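Sequence order for the protein chains is A and B. Reminder that position 243 of the first sequence reads as 243 in the numbering used here, one-by-one numbering, no gaps. Reminder that position 93 of the second sequence reads as 93 in the numbering used here, one-by-one numbering, no gaps.
In case anyone wonders, no lab produced these hints; they're calculated from the structure. Computed from a predicted model, the values in this text were never measured in an experiment. Among the clues, some could well be false.
Mimicking DMTMM-like on lysine to aspartate or glutamate, the simulated pairs with C-alpha atoms at most 25 angstroms apart in a straight line are [as the list claims (entries may be wrong)]:
#1 B:Lys184 x A:Asp185
#2 B:Lys110 x A:Glu49
#3 B:Lys184 x A:Asp178
#4 B:Lys123 x A:Asp310
#5 B:Lys139 x B:Glu435
#6 B:Lys476 x B:Asp502
#7 B:Lys344 x B:Asp280
#8 B:Lys110 x A:Asp53
#9 B:Lys362 x B:Asp318
#10 B:Lys73 x B:Asp90
#11 B:Lys408 x A:Glu49
#12 B:Lys362 x B:Asp172
#13 B:Lys384 x B:Asp455
#14 B:Lys139 x A:Asp53
#15 B:Lys408 x B:Asp330
#16 B:Lys110 x A:Asp178
#17 B:Lys408 x A:Asp61
#18 B:Lys123 x A:Asp53
#19 B:Lys130 x B:Asp74
#20 B:Lys139 x A:Asp185
With the C-beta cut set under 10 angstroms, the calculated list includes, among others, these residues of chain B facing chain A [what the hints assert, rightly or not]:
#21 Ala42
#22 Gln81
#23 Asn85
#24 Thr167
#25 Lys184
#26 Asn189
#27 Asn197
#28 Asn199
#29 Ala220
#30 Ser227
#31 Glu229
#32 Ala401
#33 Ser404
#34 Asp502
#35 Leu570
Ranges of calculated distance between the beta carbons of each label pair, as one might list FRET restraints [unchecked claim]:
#36 A:Ser77 x B:Gln459: 44 to 54 angstroms
#37 B:Val83 x A:Phe304: 53 to 63 angstroms
#38 B:Gln459 x A:Leu20: 23 to 33 angstroms
Where a beta carbon is used, it is the ideal one built from N, C-alpha and C, also for glycine.
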Amino acid sequence: MVNVTYVAKKILGLLVTIFLVLSFNFYLFRILPGNPFTLLYRGASLPPEAKRDLNAQFGLDQPLWVQYLIYMRNTASGNFGISYQTHASVLGLVVPSLINTVVLLSVASAISIGGGILIGMIAAWRRGSRIDVTFSAATLVMYSMPTFWLGLVLLFVGVIYLGLPVGEMWTISFGTVDMLTQFADLMRHMILPLLTLVLGLVGQYVLVMKGALLDVFTEDYMITARAKGISNRKLLWDHGFRNAILPMMTLVALNLGLSIGGAIQTETVFSWPGMGLLIYRSILARDYPVLQGAFLMVTIAVIFANFIADMLYPFLDPRVASK
Amino acid sequence: MTSTTMQIGSVRGQNTTFTVGWAAATMDTLNPTAMTLADGGAYNVIHAIYDTLVRSDENGSPIPGLSVSWTYKDPTTVDFQLVHNATWHDGTPFTSDDVVFTINLFLAHKEFPLMRTYVQTMKSVQALDKYSIEIVTTKPDATLMDFRLFGLIILPKHIWEPIANYTTYTNDNPIGTGPFKFVKWGGPNTFVQFDANTNYFNGSPKFDHLVLRYFTSYNAMALAIQSGEIDYAGPLFTPALVPTLTSASGVQVITRPDPRYYYFDFNAYPGGSGNPALRDKNVRIALSHAIDNVALSQVVWAGFALPQNTTIPLALGDWVNPNTPSYAFDLKLAAQMLDAAGYKVGSDGVRVGPNGVRLALKIEVPSNYAEEYRAAQTIANWWKQIGVDATPMITEIGAFADNSVNWKFDTYIWVWSAGATLDPDWFVSMFQSTEAQPAPNPGLSDSGMSNSTYDALYQLQISQTDPNQRRQTIWKMQDIIHQEAAYVGLYDPLAVQAFRSDRFMGIPAGKLPPLNQFATNNLLLKIGPLSAPVATSQTMATSMTESTTAAPAMGMSTETLTALVVAVVLIIAVVAFAAKRRKSPPKGR
Numbered sequence: 001m002v003n004v005t006y007v008a009k010k011i012l013g014l015l016v017t018i019f020l021v022l023s024f025n026f027y028l029f030r031i032l033p034g035n036p037f038t039l040l041y042r043g044a045s046l047p048p049e050a051k052r053d054l055n056a057q058f059g060l061d062q063p064l065w066v067q068y069l070i071y072m073r074n075t076a077s078g079n080f081g082i083s084y085q086t087h088a089s090v091l092g093l094v095v096p097s098l099i100n101t102v103v104l105l106s107v108a109s110a111i112s113i114g115g116g117i118l119i120g121m122i123a124a125w126r127r128g129s130r131i132d133v134t135f136s137a138a139t140l141v142m143y144s145m146p147t148f149w150l151g152l153v154l155l156f157v158g159v160i161y162l163g164l165p166v167g168e169m170w171t172i173s174f175g176t177v178d179m180l181t182q183f184a185d186l187m188r189h190m191i192l193p194l195l196t197l198v199l200g201l202v203g204q205y206v207l208v209m210k211g212a213l214l215d216v217f218t219e220d221y222m223i224t225a226r227a228k229g230i231s232n233r234k235l236l237w238d239h240g241f242r243n244a245i246l247p248m249m250t251l252v253a254l255n256l257g258l259s260i261g262g263a264i265q266t267e268t269v270f271s272w273p274g275m276g277l278l279i280y281r282s283i284l285a286r287d288y289p290v291l292q293g294a295f296l297m298v299t300i301a302v303i304f305a306n307f308i309a310d311m312l313y314p315f316l317d318p319r320v321a322s323k
Numbered sequence: 001m002t003s004t005t006m007q008i009g010s011v012r013g014q015n016t017t018f019t020v021g022w023a024a025a026t027m028d029t030l031n032p033t034a035m036t037l038a039d040g041g042a043y044n045v046i047h048a049i050y051d052t053l054v055r056s057d058e059n060g061s062p063i064p065g066l067s068v069s070w071t072y073k074d075p076t077t078v079d080f081q082l083v084h085n086a087t088w089h090d091g092t093p094f095t096s097d098d099v100v101f102t103i104n105l106f107l108a109h110k111e112f113p114l115m116r117t118y119v120q121t122m123k124s125v126q127a128l129d130k131y132s133i134e135i136v137t138t139k140p141d142a143t144l145m146d147f148r149l150f151g152l153i154i155l156p157k158h159i160w161e162p163i164a165n166y167t168t169y170t171n172d173n174p175i176g177t178g179p180f181k182f183v184k185w186g187g188p189n190t191f192v193q194f195d196a197n198t199n200y201f202n203g204s205p206k207f208d209h210l211v212l213r214y215f216t217s218y219n220a221m222a223l224a225i226q227s228g229e230i231d232y233a234g235p236l237f238t239p240a241l242v243p244t245l246t247s248a249s250g251v252q253v254i255t256r257p258d259p260r261y262y263y264f265d266f267n268a269y270p271g272g273s274g275n276p277a278l279r280d281k282n283v284r285i286a287l288s289h290a291i292d293n294v295a296l297s298q299v300v301w302a303g304f305a306l307p308q309n310t311t312i313p314l315a316l317g318d319w320v321n322p323n324t325p326s327y328a329f330d331l332k333l334a335a336q337m338l339d340a341a342g343y344k345v346g347s348d349g350v351r352v353g354p355n356g357v358r359l360a361l362k363i364e365v366p367s368n369y370a371e372e373y374r375a376a377q378t379i380a381n382w383w384k385q386i387g388v389d390a391t392p393m394i395t396e397i398g399a400f401a402d403n404s405v406n407w408k409f410d411t412y413i414w415v416w417s418a419g420a421t422l423d424p425d426w427f428v429s430m431f432q433s434t435e436a437q438p439a440p441n442p443g444l445s446d447s448g449m450s451n452s453t454y455d456a457l458y459q460l461q462i463s464q465t466d467p468n469q470r471r472q473t474i475w476k477m478q479d480i481i482h483q484e485a486a487y488v489g490l491y492d493p494l495a496v497q498a499f500r501s502d503r504f505m506g507i508p509a510g511k512l513p514p515l516n517q518f519a520t521n522n523l524l525l526k527i528g529p530l531s532a533p534v535a536t537s538q539t540m541a542t543s544m545t546e547s548t549t550a551a552p553a554m555g556m557s558t559e560t561l562t563a564l565v566v567a568v569v570l571i572i573a574v575v576a577f578a579a580k581r582r583k584s585p586p587k588g589r
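Chain A on its own, in the form it takes in the complex (with noise of 0.2 angstroms):
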């Protein structure tokens, strides 16, 4: 039932976004001020002759329009170069930050958009009662706090009442340890962070949720489906859910997509070695490469999400027919 061609000219006008977006970070990052050896140049009492061989090194003294066509040639061929700060090849970095970015986010997504979904089904069910207003307000309330100062807060109680531990991913061991207790350990590192996360993340899902379902509430089906008898819950998920899931499922494509960017405020809190991070870092240094080719991975993850949402949406809703 896929139609080939539709699916070819979608992912064709994907990889004309991906060179496109390339294109676009190409010349963003050089026209940030300041260039990536300047700072190292102070730091370090490297002579001026360095400085100047260091941009050669990596072709910063080429035309711009020469570098352009260099990292275009080098990404096409799976070349993403290396970072000018650490030498090391920038998929080398960009892979293991990704990899605990995703593991991290995406617990923290599903929980979010799980409890999301139910809270503020709940809340549109309930509308103006106790329950909603609390859950509202408070989703609210925590959605709008600094997520830095909601780390540093939750760090503190977990760390002096609970015992746990300050940050990072692992406990650093000496021995080999079972999988079992590097998963319990893992388990532990990610609970503050995860939580962190979870509150900052619930409340635009409850909204959204809660404002589609109070629409889907308003359609002339519903009062058919009730006139008709059917029961509270059936109502509410067959009719309610199906028909208010649909604007969902364009937020959580977009959300999870941009996820994969990192979560710079938390991993610094908890000092979790992730996408966030790495982008920062490479900012503050001017590392291009490294910025380039994480930039890259977060558009092809944005991008990647909304193909998927483009294709499952049929199935979600019949109606929307592919050509």
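With the hints as your guide, set chain B onto chain A.
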């Protein structure tokens, strides 16, 4: 969590681990030839694994490393006797071949950012026999022993000679002669693990394992040392965290002057775009009279900084000229001097000089030293009182550095930090006229100072291998900088560090902070578990009880606590308000 296979930085029986927390620049590379920053996170790691010919003692003076002794045959030729019993971590014996190979490698590769600096004055090196070498410099270099050789990592010839591309070599399994053997690196922004090198020629470290943990937040690190996850924390806690650290039980706080200083800079470069009034020395002197660095050290650092007028950090000891005068804080005098210089107060309260130049000046602060913004504001307030329209602002560090090298600023506050040495050469180099160049090839100067006497003295001091003579020269140079009013010295902050004195002992005395950019091995080789084990049952639970009985509001400033209380009250208020409503829920429409 008391699993027997995991050690969380505490003392357990025979297998001791010393865990160091580091919240400055993180670990970025295991390859010494790729190191760019002398204060990057890699420095401590590399110097734990590898050795140098000489190393720094706790006061910045050279002591034997891989060399036992050295003699100057003439001002440009130095012979070194090497240790006989050093071995590489893979068992191969260390010989003079390794030193010769390393120095020639660095001489041949100008693209090694940091290592090339260390061989910059070297002409050649040769092995005299299996355990002695001779280095010849191009001219007498006073910084050879206490700067260049501190950082010159000696690499194993048998491993590094066959490598094809040094730039991309990741050195995943570094082999050195140093006191610690590399075990594992968790990846960028994480930790590094080491085992003690029990065969170290200078004596084995007193504990079995070392961990260097990189934190991105000093707040988190303060909690970590309280809870016992780490045993030593540094290098530069903010003064705000001092009450937290001092109130935690088992934690000892160490404060020593850090080898760096903050300064106020005037852009007096004639080819730049700073306010031209600053090119008049009398204007600079007048404005210097309107900066009170003692007051500023209180405002910004709450007393955790030593005010200094000179342009060499006080931490450098007797390289600092105690007799260099300062421009006393005197707003009336400053106003008089500005009048005399031809800058009369206009109708809007701002002085205007000859050629209609308005005394409107920006005072910039780089974003990574945002705490200095309060200093900038305070200075702006003083200057407003003498008819100068001063605007304090924070500029993002990349743009700030750009402005600096392009001479596109009026005044700013910045820092000079000892790269990897207490040698004064670094701190006096940026005042040479040759360092004041326009982009695209700027030098180190950001003041634009150009004084031929100073330039001559600079060339002199760098070749004076007699420290007493050199000191006289360095002192004279500081006087000239003062006369030129190139900078206004502000302060030398104290390095605040913390350590679990209930588990370890052996903090080195001396004037350097124990954990610092370049002499951390003094700490690592001297520290050992407490001989009377007070804390043999040091588990998480014990740390918890200790902490909860300590002073309240630990780890939280008053503002945070207030905000928390406000948030809780808000939530309670909303719930209470909701409880008053008695509407029944709608069931569709």
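Would the hint linking Lys344 (chain B) and Asp280 (chain B) be met if the CA-CA limit is 25 angstroms? holds, 15 angstroms
Satisfaction of hint between Asp318 (chain B) and Lys362 (chain B), Cα-Cα up to 25 angstroms: The hint is violated at about 35 angstroms.
Just to be careful, I want the Cα atoms of Lys123 (chain B) and Asp310 (chain A) compared with a cutoff of 25 angstroms; is the pair within it? Distance of about 67 angstroms is beyond 25 angstroms: violated.
If you draw a straight line from the CA of Lys408 (chain B) to the CA of Asp61 (chain A), is it 25 angstroms or shorter? holds, 22 angstroms
Tell me if Asn189 (chain B) is really an interface residue toward chain A, meaning its C-beta lies closer than 10 angstroms to one of theirs. The hint holds - Asn189 (chain B) has a Cβ within 10 angstroms of chain A, the shortest such distance being about 4 angstroms.
Are the Cα atoms of Lys184 (chain B) and Asp178 (chain A) separated by 25 angstroms or less? Holds - the C-alpha atoms of Asp178 (chain A) and Lys184 (chain B) are around 18 angstroms apart, at most 25 angstroms.
Can you confirm whether the C-alpha distance between Lys123 (chain B) and Asp53 (chain A) stays at or below 25 angstroms? Distance ~20 angstroms between Lys123 (chain B) and Asp53 (chain A) Cα, so the pair holds.
Does the alpha-carbon distance linking Lys408 (chain B) and Glu49 (chain A) stay inside the 25 angstroms limit? Holds: Lys408 (chain B) and Glu49 (chain A) sit about 23 angstroms apart, inside 25 angstroms.
When the least beta-carbon distance from Asp502 (chain B) to chain A is tested against 10 angstroms, hint result: violated, 17 angstroms
Restraint: Glu229 (chain B) near chain A, CB-CB cut 10 angstroms. Satisfied or not? holds, 5 angstroms
Can the suggested window of 53 to 63 angstroms be confirmed for the beta-carbon pair Val83 (chain B) and Phe304 (chain A)? holds, 58 angstroms
25 angstroms limit on alpha-carbon distance, applied to hinted pair Lys139 (chain B) and Asp185 (chain A): Judged against 25 angstroms, a Cα distance of about 58 angstroms means the pair is violated.
The structure does not agree with the numbered hints 4, 6, 9, 10, 12, 13, 15, 16, 20, 22, 23, 27, 28, 34 and 38 stated previously, though it agrees with the rest.
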